[in-house]
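Student: Could you fit the two chains together into a complex? Lean on the hints.
From first to last, the protein sequence lines are chains F and L. The first sequence begins at 1 in my numbering and counts up by one. The second sequence begins at 1001 in my numbering and counts up by one.
Hint data in this document are derived by calculation from the structure and do not stem from the laboratory. This one's a predicted model, so the numbers in the text were calculated from it and none came from an experiment.
List time: in silico EDC-like cross-link candidates among lysine to aspartate or glutamate, alpha-carbon distance up to 20 Å:
hint, chain 1, residue 1, chain 2, residue 2
1, F, K209, F, E366
2, F, K57, F, D290
3, L, K1146, L, E1068
4, F, K183, F, E135
5, F, K298, F, E163
6, F, K56, L, D1147
7, F, K51, L, E1072
8, F, K51, L, E1140
9, F, K183, F, E137
10, L, K1146, F, E54
11, F, K233, L, D1026
12, F, K209, L, D1047
13, L, K1089, L, E1072
14, L, K1089, F, D344
15, L, K1146, F, D344
16, L, K1175, F, E7
17, F, K271, F, D244
18, L, K1089, L, E1037
19, F, K271, F, E135
20, F, K298, F, D164
21, F, K183, F, E268
22, F, K51, L, D1147
23, F, K271, F, E186
Chain F is nowhere near these chain L residues, computed Cβ spacing over 10 Å in every case:
hint, residue
24, E1020
25, H1093
26, H1127
27, K1175
Ideal Cβ positions, reconstructed from N, Cα and C, are used throughout, including at glycine.
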Amino acid sequence: MPEIRTETMTVNMGPQHPSTHGVLRLVLVLDGETVLSAAPTIGYLHTGIEKTTEQKKWQQVIPLVERMDYLSAQSNSLAFCLSVERLLGIEIPQRVRDIRVLLAELQRINSHLVWLGTHGMEVGAVSVMLYCFRERELLLNINELLAGFRLFPSYIRVGGLREDLPRGFHAAVRAFLGLFPAKLDEYEDLLTKNEIYLKRTRGVGVISKDDAVAYSLMGPIARAAGVDYDVRKSFPYLGYDTYDFTVPTQTRGDAYSRYQVRLAEMRESVKLCRQALERIPPTGIFAVDDPRITPPPKDRVYTEMEALIQHFLIYSQGFTVPAGEAYVPVEGPRGEQGFYVVSDGTNRPWRVKSRPPSLLACQALERMIVGGLIADVIAVIGSIDVVMGDVDR
Amino acid sequence: MDPNTLIASLQDAVPAAQLERVPSVDLQTTMYVSRDELPAVARVLRDRSDLAFTFLAEVTAVDFWPREPRFELVYILVSIAQRLRLRVKVRLHGADAHVATVSGVWPAANWLEREVWDLFGIAFDGHPDPRRLLMPEDWEGYPLRKDYPVQIRMTPRVSEPLQVTEEEFRASVTKDRLTRS
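Next up, chain L with everything else stripped away, as it sits in the complex (with noise of 0.2 Å):
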């Protein structure tokens, strides 16, 4: 399908979507897609027969830090039926790094978007598992975003060990017995 058609019959389908096509090198179509109506979108691609983006290859974000809006969420889509690939990218402004979830749509998108959430703090909105991938739980920050600090030697975190006394311990063990019995 050529690449206009496709826009112009997606825009048609999902009319608020405000979908603007962009050059790209690479041979993959690339628009940008409004983030309001990118669920929608999403739907349509996945499910119209002439379309068939079955797959969704990737997601990932990338910081442009200074500017503003700093984020541009990529997902990259393939249709095997159609052998087509698509580039969907979403603007996203600092201050409101929120989207929402399209795991409903490809269920692959689950660990991606906690990937992006965990390394650049874009949050998705209806997420079924909202942790963080990669990093540990209790990372502060994330290391990905352009302003996050490289190179800088940070002191490490020593936790005590915990510390019981033999009595809490007893209770504690009593307490285990009779919620199992």
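In isolation and in its complexed conformation, chain F is listed as follows (with noise of 0.2 Å):
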């Protein structure tokens, strides 16, 4: 009797495939249902935003910076105008300090809620996602009120604010944090005990601690991990030092732990919402007063010259920007997220470059799915949570 032949196959999934969150490319080896390497390739989303921020107005990148990591949109802006005002110095308000912290804790709840319902989707638990995606709708129905832009407010600016807050959107956060508490409990109902959704991601994908530190994955990857660092606690930003919230670990590193870090996190950014809700005056000063950054308001524009010349100045020209460096982190829903900006001392930057969370994940992901099955790829690619326009910008 012949022997059995035994071969590896090479498989390649994506770039188009529904469950990879994009256009990441990843060459498989396998032997039988093994996966032996695997060769991730990206760039498909390349759209060259860095070199694009070079030829615009400081103010003009902002809507770009947005457009990076879109399930981040108020993140980045916020990284990128923290790294801004350092170069120019300037002091921000308290009251936009918390507004921000408002805001990027919106943000990472509406990120994780996608990130649950697609990951929940994609290892088989469908009706996670349109629980998610309900509720994700209020928040993106609270930009709406805030900025009239969904997904994109471009409401965090250089200097503070684009403008005061809308009437009635204190009571829509609050009306939000009412709910979402329970509707958390409702997705743990759904999710933390499930036998299935235990057995898809229970030891899966695991990555140990050193080699978290090893590929620079700073965020919930490490923290379910037990690597214990928080750009919020380690180098606080807007003040977030006077917030109570703890940061969840876990210690096992799998799919699971990253699932129930993401979680606790959502329930810690609810509190800082709390918090920062009730720091809030509904009225008030929204950015900085420098005649140089803040454009007049609209009232004087069309009554007086002096705020005439100034509202041309300022959206004709822009605003100069003193010689220099700065790379300011924050923590952003896929962890440490900054951008290093060089300004010539013109009214362009000379460089930005983003620090992608998203793209250091996926250099990891090899790590986590090297002997594992086939069918976990899907499960571990969606629970490290990469979003492939910030891995390629």
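Tutor: Structure below.
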């Protein structure tokens, strides 16, 4: 009887695959169902945003950076504005900082909801997706109320915010915060002790603490592996050190731990939002009082010559930023996020470089899927929460 | 740790490093390192327990064309244990734009350095996988260099589909079958 011949099989997964969250391509070498090697190929979504920013004025960069990581738009613009404000050397009013904290935390909930929905759907829990997108709709409505734009509000600007909070903002956020913890319990009912979900995620896509550090995974993935690092605690910005919150960590480093960490993070974000909302007066100062950067109010533009000139200068030439470099990290939904900004003293950036947490997660993907089963590849890609717009930029 | 003591103790550990501290506005200690001593400095930064810069947050470059040395490589490091952030920079001349890789010290540098090679054309000696990362493999030029043309319409390149005669196809299939059996 002839011997049974076995050979490895090379499978090209992606770039057009519904579970790769964009256009990620993996070249997998399989022995039966076991993954022997995996080579991620990226770049299909490269749009040259960093090159484009060099031709834009400082304030015009904000809509661009919001579109890099399209699930955490406000975190991106926040990180960019903090770096530019550091270069400008301006002090941001306390009310603006609290509003920014509130927006950043709402954005984190928003991003985690999309993650939970899509990840749940990929491992077979389709109803979770419907639940999560139902609550996300409320957050998008808040964005719409705030800026008239649901995904990319461009509301956080260099020097403060675009305009004051709209009427009804506090009520809308309060309504969301009142309802959301119960919804979180609902998601937990669906997944936390769900036998199928546990089988699909426990012990799957494990990354050790040492590897998480070596691959610079700063964020929920590292915290699920036991790295206790959160920019909000270690290098506080926007006065996060005056807020009461904890940083959830786990030790196993598998897909299930990442789920636990992100769910706990959403609860902490609700806590932070409540505290921030308490501190924000409904009306008040919304931008730094600096005529170089903040345009004058419209009623003055229509009646005063000086205000008209100032308005014209800001909108035609923008403002100049002193020469230098700055990098102010923030804790985005996917980990440490920041913009390394270099200015040559003109009204356009010399260089804008985003630190992409998704790129580093993609790099570590190989570590997490080699040796596992091909069916788990989808679960792992879902669990590391990559946004390909952030990977390729 | 005080930035000046940090740099002084580093200078003691690697005497040839020519460290040069520059002021920074964003509370991250910034220093220049000579190109040849970068790997040695990197190893000390990661391994000494009073420094413990275990995280390499970012590797990037800035092109200051037409000034020379035109490139500045930027490494952003984080020490969780000591709650320190450090920015290490290396100056590179345009005609001699290469530097030793640090992917042996921080594995995360692998893709980050590939991105710098891809977009700036700075070579990393000893890199385990020196390919482009974001741009197509047959791309010409390095897009983030300041002398790279912007807003110039290039004629699209068309590649002809592979032309194979029936005999060549049969020969290829037979050859493939022979090598497999």
